[in-house]
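Enquirer: These are the residues of each chain, in order.
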Amino acid sequence: MKELHKKYVENLVQLQDKEGSEISDAFLSIFKSMLRASRGNIKKFQAMIRLSRKKLIRDAVMLVRDSQNKAKDLGREFGAVKLNAVEATSGE
Amino acid sequence: MPLRPRQASRSIFNISMSQIDSAYGVLETDMLAEIQRMRALGIADAEIFNRISDSLNNSLDLFSKFKGAVEKELDIVVGKTAQLESNVALSEQEKLRWELDPTVEEHCVDCLRNSASDQKSFDEWSLLGLPGMGNTQCGSYCKCTLT
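If you read the protein sequences in the order shown, they are chains A and B.
Going by numbering that gives the first Met the number 0, the first sequence opens with residue 0, and the numbers climb by one from there.
Going by numbering that gives the first Met the number 0, the second sequence opens with residue 0, and the numbers climb by one from there.
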C-alpha cells in the first residue's frame, strides 16, 4: 500500500504542476497577444487587460473545471485501489 | 453533519475561482500603481510600455506574482479534489487509519498526531478534517491518506 500511496502522491504532484502551469501560461499568452495588439500604447494595454477580465475568468472556469475532473479521476482511482486492498484483507 | 462530497467539491472549485478572479484584480491594481509610480519618476509612456513588456515576456514582477497566485490555486483545487475523492471511496469503512505521506520525511504535528491516534470511522475523520482539506498545519498540501 505504501508504494501505491507513493505513486499516487507523485502522480498528484505532477498533475498539480502541469495544470497550474498550463492555466497560468494560457493567461500570460493572452496578455502577450494584448500587448502586441496595443502597439506600444500602455493605456490601451491597460484597458484591454481590464475589459477582458470577465471573459478570461469565464474561460478559466472551463479550464479549472477540466483540471478538477482530472483530479477527481486520479483520486477515485487511488480510492478504488485502497478499497480493493481493504476488501482483500477482510476476505482473508 | 455528514460530509457531502459533491458539495465539498463544488465549494473547493468556487473558492479557487474566486481567488483567481481576485488575483486578476490585484494584477490590474498593481499594474496601475506601477505605471503611476513610473510616471511620477518622469518616465515616458513609451519606456513604461517597454518595461511592462519585459516584465510580461519574462514573467517577472507583477506577472510573476499573478502566475504564482494562479498556480497556487490550481495546487489547491487539484490537491483537495483528488484527496477528497480518494478518501470518500472508503466512507463505508468503520475503522480507518491515517497513513502519513510516504514521500516526505518530516510531517506536521497534526498529521503525526492523527497517524498515532486510534482508528476512526469516515464520519469521525470528516469532523476532525480529512487529509488535504486544510485542517492540519500542512493545510491543503497534506498528501496523507486514510486506509
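For the record, the hints were derived by calculation from the structure and aren't laboratory data.
Hints may be right or wrong, so weigh each one.
Derived BS3-like pairs: lysine-lysine, alpha-carbon spacing no greater than 30 Å straight-line [to be verified]:
{"#": "1", "chain 1": "B", "residue 1": "Lys94", "chain 2": "A", "residue 2": "Lys54"}
{"#": "2", "chain 1": "A", "residue 1": "Lys31", "chain 2": "A", "residue 2": "Lys43"}
{"#": "3", "chain 1": "B", "residue 1": "Lys119", "chain 2": "A", "residue 2": "Lys17"}
{"#": "4", "chain 1": "B", "residue 1": "Lys119", "chain 2": "A", "residue 2": "Lys71"}
{"#": "5", "chain 1": "B", "residue 1": "Lys94", "chain 2": "A", "residue 2": "Lys31"}
Under 7 Å between C-beta atoms, here's a sample of chain A residues computed to sit facing chain B [claimed, not checked]:
{"#": "6", "residue": "Ala25"}
{"#": "7", "residue": "Ser28"}
{"#": "8", "residue": "Ser51"}
{"#": "9", "residue": "Lys53"}
We put the CB at the ideal spot given by N, CA and C, even for glycine.
Enquirer: Against chain B, run the beta carbon of serine 28 (chain A) and see if the smallest gap drops under 7 Å.
Expert: At 10 Å from the nearest chain B Cβ, serine 28 (chain A) fails the 7 Å test, so the hint is violated.
Enquirer: Should the hint that alanine 25 (chain A) touches chain B count as held when the rule is a Cβ pair under 7 Å?
Expert: violated (9 Å)
Enquirer: Does lysine 54 (chain A) sit within 30 Å of lysine 94 (chain B), going by the straight-line distance between their CA atoms?
Expert: Cα-Cα ~47 Å, so violated.
Enquirer: So if I understand the rule, the pair passes when the alpha-carbon distance is 30 Å or less; does lysine 119 (chain B) with lysine 71 (chain A) pass?
Expert: Holds. Lysine 119 (chain B) to lysine 71 (chain A) sits at ~24 Å (cutoff 30 Å).
Enquirer: Return the status of the interface hint for lysine 53 (chain A): holds when the least beta-carbon distance to chain B is below 7 Å, violated otherwise.
Expert: violated (9 Å)
Enquirer: Assess, step by step, whether the Cα of lysine 119 (chain B) is no farther than 30 Å from the Cα of lysine 17 (chain A), and give holds or violated.
Expert: violated (34 Å)
Enquirer: Less than 7 Å between beta-carbons is the criterion; does serine 51 (chain A) satisfy it with respect to chain B?
Expert: violated (9 Å)
Enquirer: Compare the distance between the alpha carbons of lysine 94 (chain B) and lysine 31 (chain A) with 30 Å, and conclude whether the hinted pair is satisfied.
Expert: The given pair, whose Cα atoms are some 53 Å apart, is violated under the 30 Å limit.
Enquirer: Assess, step by step, whether the Cα of lysine 31 (chain A) is no farther than 30 Å from the Cα of lysine 43 (chain A), and give holds or violated.
Expert: It holds: about 13 Å lies between the C-alpha atoms, which stays within 30 Å.
Of the numbered hints stated above, those contradicted by the structure are hints 1, 3, 5, 6, 7, 8 and 9, listed in ascending order.
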